[in-house]
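Produce the complete structure using the sequences and hints provided.
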Amino acid sequence: FKSWNPWISTILLSLANASFGLAPTGFKSNYLDITEKYVGIVAGYGNTLGTVASILGPKITAATLVHSDGNWHAVLGTVCVINLVAALNYARTAVVTPIESMILQ
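Just remember that the numbering used here sits 4 ahead of the position in the sequence shown, which is counted from 1.
Hint data in this document are derived by calculation from the structure and do not stem from the laboratory. Since the model is a prediction, treat every value here as computed from it, not as a measurement. We put the beta carbon where it would ideally sit given N, CA and C, even for glycine. There is no bait here: all hints are sound.
Beta-carbon label-pair distances, calculated as ranges: (1) Thr97 <-> Ala22: 27 to 33 Å; (2) Arg96 <-> Gly61: 21 to 27 Å; (3) Trp11 <-> Ala98: 37 to 43 Å; (4) Leu92 <-> Ala66: 26 to 32 Å; (5) Glu40 <-> Gly74: 44 to 50 Å.
Shown next as structure tokens:
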């Protein structure tokens, strides 16, 4: 990996960063799918959880690196497993009916 051209990593990081702009179109609109009446509250919870994750993420990463002797495979493997579990949970529990409609039925 040391002989790689630095332009490859620059291009890949640029593409990854550009892709971040696509993310809000998916999850921000999802708040309206969850509830029509309490969108602000749900958005507040979502933003709070995102902030907590951005605070704890570096601390957990640092602790993992310390306990694994600087092995980034442990960090990236953990991230991969967490994302797979989250995707499976979403696929298992996702509904397209707003909460208000489910309560009235």
